[in-house]
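Number of protein chains: 2
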Amino acid sequence: MGAIRYELLHVCKQTGARRGRIYTPHGIIETPTFMPVGTQATVKSMSQDELKEMLDARIILGNTYHLYLRPGHKLIEKAGGLHKFMNWDRAILTDSGGFQVFSLGSLRKITEEGVEFKSHLDGSAHFISPEISMEIQNCLGSDIMMAFDECVEYGADYDYTKKSMEMTTRWAQRCKDYHKNIEKQALFGIVQGGMFEDLRKQSVKDLIAMNFPGYAIGGLSIGEPEEKMYEILTYTAPLLPADKPRYLMGVGTPDYLIESAMRGIDMCDCVIQTRIARNGTAFTSKGKVTVRNANYAEDFTPLDDECDCYTCTHHTKAYLRHLVKCNEILGARLLTIHNLKFTMNLMENVRKAIEEDRLLDFRNKFYAKYGYNK
Amino acid sequence: MGAIRYELLHVCKQTGARRGRIYTPHGIIETPTFMPVGTQATVKSMSQDELKEMLDARIILGNTYHLYLRPGHKLIEKAGGLHKFMNWDRAILTDSGGFQVFSLGSLRKITEEGVEFKSHLDGSAHFISPEISMEIQNCLGSDIMMAFDECVEYGADYDYTKKSMEMTTRWAQRCKDYHKNIEKQALFGIVQGGMFEDLRKQSVKDLIAMNFPGYAIGGLSIGEPEEKMYEILTYTAPLLPADKPRYLMGVGTPDYLIESAMRGIDMCDCVIQTRIARNGTAFTSKGKVTVRNANYAEDFTPLDDECDCYTCTHHTKAYLRHLVKCNEILGARLLTIHNLKFTMNLMENVRKAIEEDRLLDFRNKFYAKYGYNK
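For the record, the sequence lines run as chains A and B. Here the first sequence is numbered in the working numbering, starting from 214 and rising by one per residue. Here the second sequence is numbered in the working numbering, starting from 214 and rising by one per residue.
One or more of the hints may lead you astray.
As the list claims (entries may be wrong) - The following residues of chain B were derived to be distant from chain A, with all beta-carbon distances above 10 Å:
| hint | residue |
| --- | --- |
| 1 | P238 |
| 2 | K257 |
| 3 | Y367 |
| 4 | E440 |
| 5 | A455 |
| 6 | V502 |
Stated by the list, open to error - Covered stretches of chain A (in silico footprint by chain B; criterion: 3 or more residues with CB under 8 Å from a CB of chain B, positions within the stretch not fixed):
| hint | segment |
| --- | --- |
| 7 | 257 to 263 |
| 8 | 296 to 308 |
| 9 | 389 to 399 |
| 10 | 505 to 519 |
| 11 | 526 to 535 |
Keep in mind the hints are simulated off the structure, nothing from the lab. Beta carbons are placed, not taken as given, at the ideal position from N, Cα and C, and that holds for glycine.
All chains should be built: construct the whole structure from the sequences, respecting the hints.
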């Protein structure tokens, strides 16, 4: 039967957005969902209990490239898998390592066989192929694994993009052939094809023929204008099977999350919530707030007076600013809690709006206060 | 009358250690107690709720020097005091700023009037006198304030130490004269006198004549051999009034805490628990464990199998080591939680042992496993 199952509960009459549920070996995920990123077996600054109790996160990400280098997938396998290693009993999705390896730029070399690269930690030489990525992800034991793909840079020409997309498709087949643990780990294929409609369509067609339990759209939010991203999403997502989950990789600002849901996306992930938190910036119902700024020095009100998170119910902007200015860990923690909870609340509201066929109204109301594209 | 009251509950028949209680405007402190240090209005990496729920901390420290520079005592006064600023409704003790200012070395100049110094943050020039220290601490609104004193360096000669001790006594009088908020904030005098018995005794005598609601012993654990510290404690502590709390400043390794309690000390504070945690080192019932070490890479057992803290009940040494090696915030958090909880548990056991007249037995049993002086 496979490791996961997707149930489509409702399609929003205003937008076509999908309200669904993914059943995994480690619990149920209500979709559309936002997945906090736990690159190195920790969602930066959060404890696993806080992810559950404060955020009710149902699924988090792990990064294969990072975990392969440190502490090593064999060590994690000895610990009993990533769930046990980090003591997280809900669902985990791991990426393939592909995106991180390609991001190394001059430190890597791509061939049909796989990718040679040098570690960003110590410069040591490594090689990851589709088979090795599967081997690593099998050791990690994630509920959802990603196929090893090439994500071309923004600006890549048609010819390079076409060849790369075709190789990604061959790699997807090699991943599928290698991966045996299909009752416990679901392998998703990744649609590539850059900024070209015919290549995106070809990629979807070839991947669907392999019958993956879920599909991701890769190679977006990499520098293209946002209209371009929305255009590609608009024609790509509907081509994917209605009975499988659709994951848009690396996308996570509030406006992107809403726009993606409207275009039929079920899953998103992004590091922006936790990254800007550590720099002292928060998403709020009235737009971004950089609490580090001097004008908040004597502001004894919460970050967001509409937010019910731990931070907003316990502390003032003045205190947060002080902590951030002093580089205190608690500052990073409190802003991370807020940014993640803000995003989880947003997704809950998106899900409710879909159920009630009013996602377009919700979006317009949200932008009226938040501002667009922030 | 006054802000605080000390109640002596029991004296250990084996050691003379004191089991007591300090009643403050923000709750009751069971003594002997260890006070976590919250230098910049945060106990590094901990939330205020964790200090309560995980540790049952009854009192924490704030550092006047740091809070004066950042965010500034006037800002904290506007917030309604330090309790409100950081949202902590239990007791707070603030130091005088003296120790930090003297630690600046060449950046400060001491006169009878006070101390000129340059900020460690931006080199800007400042001046703190006994009166200014009181003014700052009044703005912070701590339950226990410390008199502004000079802590002489280890190795200072008799003549310098004598003159300094006499100035500290005059400064204590100036603090007492300036401080008016005595119903809400208790001012403690600080015994100085370096390594010289007659000077320590003179200091105690002069301070007792001023009738402070509590007394601290300063200028210890600054580099002297530990036997010297114990010798000074042994002759100094009994000279202090039995009906007032006794605070040994800046002391906090497990062995020092036990030895201090045995010599009649009621309160201690130290940054070592939180500092070594951030470097990946833990106090455990079997001595110090540096979890960063390679031999823990595949150790899937808890840090301390006798510990009931969040960290030991949720995570393995292998996971902690991974987090510490990756400089992940959660690593610092988990080790801080453990080190503080280990210390709080130790103090609870010390209090029980005093009540049952067996603190010497407890000490010997503790050292048998922990090792001495670690």
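Hint by hint, here is what the structure shows:
1. P238: Non-interface label on B/P238 holds, nearest chain A Cβ at 21 Å vs cutoff 10 Å.
2. K257: violated (6 Å)
3. Y367: About 30 Å separates B/Y367 from the closest Cβ of chain A, which puts it past 10 Å; holds.
4. E440: holds (37 Å)
5. A455: Given a closest Cβ separation of 39 Å, the condition holds.
6. V502: holds (18 Å)
7. 257 to 263: Held - the segment 257 to 263 of chain A has 6 residues with a Cβ nearer than 8 Å to chain B, which meets the minimum of three.
8. 296 to 308: Answer holds; 3 residues pass the 8 Å Cβ test.
9. 389 to 399: violated (count 0)
10. 505 to 519: holds (count 3)
11. 526 to 535: This one holds; 7 residues, not fewer than the three required, reach chain B with a Cβ under 8 Å.
When the structure is compared with the earlier hints, violations turn up for hints 2, 9 and for no others.
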